[in-house]
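With chain A held as given, fit chain B onto it using these hints.
Number of protein chains: 2
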Amino acid sequence: MTIDCLAVIGAGMIGGSLARALRTAGFCNDVIGFGRNADALKKAVALGAIGRFAADAAGAVQDADLVVLAAPLATMEPLCRAIGGALQEHAVVTDVGSAKRSVVEAARTGLGAAFPRFVPGHPIAGKEKSGVEHSSADLFRDHLVILTPVPETLPGALQLVRDMWQAAGARLVELDVDHHDRVLAATSHLPHMLAFALVDCLARLPEQERVFDFAAGGFADFSRIASSSPVMWRDVCLANRSEILRALDRFAGELNELRTVIERGDGDGLLEIFSRAKEARDAFSTRRGR
Amino acid sequence: MTIDCLAVIGAGMIGGSLARALRTAGFCNDVIGFGRNADALKKAVALGAIGRFAADAAGAVQDADLVVLAAPLATMEPLCRAIGGALQEHAVVTDVGSAKRSVVEAARTGLGAAFPRFVPGHPIAGKEKSGVEHSSADLFRDHLVILTPVPETLPGALQLVRDMWQAAGARLVELDVDHHDRVLAATSHLPHMLAFALVDCLARLPEQERVFDFAAGGFADFSRIASSSPVMWRDVCLANRSEILRALDRFAGELNELRTVIERGDGDGLLEIFSRAKEARDAFSTRRGR
Numbered sequence: 002m003t004i005d006c007l008a009v010i011g012a013g014m015i016g017g018s019l020a021r022a023l024r025t026a027g028f029c030n031d032v033i034g035f036g037r038n039a040d041a042l043k044k045a046v047a048l049g050a051i052g053r054f055a056a057d058a059a060g061a062v063q064d065a066d067l068v069v070l071a072a073p074l075a076t077m078e079p080l081c082r083a084i085g086g087a088l089q090e091h092a093v094v095t096d097v098g099s100a101k102r103s104v105v106e107a108a109r110t111g112l113g114a115a116f117p118r119f120v121p122g123h124p125i126a127g128k129e130k131s132g133v134e135h136s137s138a139d140l141f142r143d144h145l146v147i148l149t150p151v152p153e154t155l156p157g158a159l160q161l162v163r164d165m166w167q168a169a170g171a172r173l174v175e176l177d178v179d180h181h182d183r184v185l186a187a188t189s190h191l192p193h194m195l196a197f198a199l200v201d202c203l204a205r206l207p208e209q210e211r212v213f214d215f216a217a218g219g220f221a222d223f224s225r226i227a228s229s230s231p232v233m234w235r236d237v238c239l240a241n242r243s244e245i246l247r248a249l250d251r252f253a254g255e256l257n258e259l260r261t262v263i264e265r266g267d268g269d270g271l272l273e274i275f276s277r278a279k280e281a282r283d284a285f286s287t288r289r290g291r
Numbered sequence: 002m003t004i005d006c007l008a009v010i011g012a013g014m015i016g017g018s019l020a021r022a023l024r025t026a027g028f029c030n031d032v033i034g035f036g037r038n039a040d041a042l043k044k045a046v047a048l049g050a051i052g053r054f055a056a057d058a059a060g061a062v063q064d065a066d067l068v069v070l071a072a073p074l075a076t077m078e079p080l081c082r083a084i085g086g087a088l089q090e091h092a093v094v095t096d097v098g099s100a101k102r103s104v105v106e107a108a109r110t111g112l113g114a115a116f117p118r119f120v121p122g123h124p125i126a127g128k129e130k131s132g133v134e135h136s137s138a139d140l141f142r143d144h145l146v147i148l149t150p151v152p153e154t155l156p157g158a159l160q161l162v163r164d165m166w167q168a169a170g171a172r173l174v175e176l177d178v179d180h181h182d183r184v185l186a187a188t189s190h191l192p193h194m195l196a197f198a199l200v201d202c203l204a205r206l207p208e209q210e211r212v213f214d215f216a217a218g219g220f221a222d223f224s225r226i227a228s229s230s231p232v233m234w235r236d237v238c239l240a241n242r243s244e245i246l247r248a249l250d251r252f253a254g255e256l257n258e259l260r261t262v263i264e265r266g267d268g269d270g271l272l273e274i275f276s277r278a279k280e281a282r283d284a285f286s287t288r289r290g291r
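These protein sequences, in sequence, are chains A and B. Under my numbering, think of the first position of the first sequence as 2, with each following residue one higher. Under my numbering, think of the first position of the second sequence as 2, with each following residue one higher.
Same shape as in the complex, but just chain A:
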């Protein structure tokens, strides 16, 4: 199925990529954007991501059949309040946030009567680069998108959002909101915390160590995600705080176990941990096909 008018709130890398994918796929006739950064909106028009942009969020959504909230997590509640009263009766709203419990609460409060037409979503795709200039129409192709409908979510709204992601080439899976937040804390939020903490830890060493001069490809791969947007990750930490703390504590326990094994010079214990990790990582590579 296709729609007439799509609104994309937030003209960044993710919103821009989705808009470009949907225009390329002919999923919508018209894409109207809004964001707080006028330069980014102009760039989004120049890149063909959006056809035009509105002066405010309510203006952007008033003609929309489908609204995608691709704005920072911290802005979701005011944004939902701003558009709640301007939506058409049939309009469906979805989002792309990396944490889902906080967005569901923001939508419940802000969208009011439109909440059953809100479908929480999270594409598992991204880059460490932000900004619409890094958007691409095939960002989501063959990537997973997790939808986390709640009991109130209307089946028709869910179906439209499924159609949208399928038009963008994504694969879909549904999870419970809390399961999503717990799993993503482990597979995405925790690794980002570790990468940020490692690079910061090294950056704070005495100048004469010049450690980065001696870092190789392994370090480069490991730490790439520490180039991600600090603002986005601040928001994720605040939005998914309790699950991230749980994941950090679990990891700290594991690291302490490893430390104990190293300290007592227990070669067999090290081999056991490293072999179990290698086996899991190799299996992950095989499933990903690379």
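Treat the hints loosely; a few may be bogus.
As the list claims (entries may be wrong) - Label pairs and their in silico Cβ distance ranges:
no., chain 1, residue 1, chain 2, residue 2, range
1, A, L155, B, R288, 25 to 33 Å
2, A, Q160, B, E210, 21 to 29 Å
3, B, R288, A, K43, 56 to 64 Å
4, B, E280, A, A39, 49 to 57 Å
5, A, G113, B, H135, 56 to 64 Å
6, B, H135, A, K130, 28 to 36 Å
7, A, E175, B, P79, 53 to 61 Å
8, A, E273, B, E210, 15 to 23 Å
9, A, A284, B, P156, 21 to 29 Å
10, A, H135, B, D5, 52 to 60 Å
11, B, A59, A, G266, 24 to 32 Å
None of these hints come from the bench; they were simulated from the model. In this text the structure is predicted, and so the values were computed from the model without any measurement. Just so you know, even glycine gets a beta-carbon here, dropped at the ideal spot from N, CA and C.
Just chain B, lined up with the frame of chain A:
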């Protein structure tokens, strides 16, 4: 300068790559190998990494002008003892181990009178794949090699090893032994511990979480080094134990600081840590030219 006969002890990815690079560069006329795995030695001959192989380490080095020890760290001391008495009077010995203090001690004990002709070395290049079948002649091209000569090291021996690495296309730097072990603990050994610990931590979650199904490119990059050889990393942990423990403790302190900032919901504190890390990581990318 070039030599007549090179001996490579250890027919793995690193030893095989160096032998191939030096044969390609015409640095030596003859390469003789030795390793504990006869199949690997046959593969090394088939791949053209070595010309032939000996029945034991002493036999491999007896005609060599230059000996490269590319065997596991844990075998360095018995290996040095095995070759010490078989070396020619002028033969120079070097190694490629990821930790240097333990190798220097093994060489001091094992090589005896030949110790001044031992040049400790460590190429900052590698892959998560081991085995001679993953070797390549250009592995070291434009990569850094750290040499850590000690006061006893003879200038002529150091020069020959410099010539060898330059023939393989590497860039050279000299560091003090302890400085090497401290810096590598931070930039290489610590990230590997974190990657192994993270993957193991996730692998131990309850089956129904299926967390790896929801992991994206960031996780893939971050955890790639957890596919590295468990045996090699066991040896590195045992060889560089005290510096790795120091690095783990420094990291645990940093992670605990980050945890506190997340727990108190301190957005500005998070922004400060993430921004400092991003700046350092971006500067690292810029220096690497990608």
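A quick look at each hint next to the structure:
no., hint, verdict
1, L155/A - R288/B: 25 to 33 Å, "violated, 53 Å"
2, Q160/A - E210/B: 21 to 29 Å, "holds, 27 Å"
3, R288/B - K43/A: 56 to 64 Å, "violated, 33 Å"
4, E280/B - A39/A: 49 to 57 Å, "violated, 26 Å"
5, G113/A - H135/B: 56 to 64 Å, "holds, 59 Å"
6, H135/B - K130/A: 28 to 36 Å, "holds, 30 Å"
7, E175/A - P79/B: 53 to 61 Å, "holds, 58 Å"
8, E273/A - E210/B: 15 to 23 Å, "holds, 22 Å"
9, A284/A - P156/B: 21 to 29 Å, "violated, 50 Å"
10, H135/A - D5/B: 52 to 60 Å, "holds, 54 Å"
11, A59/B - G266/A: 24 to 32 Å, "holds, 30 Å"
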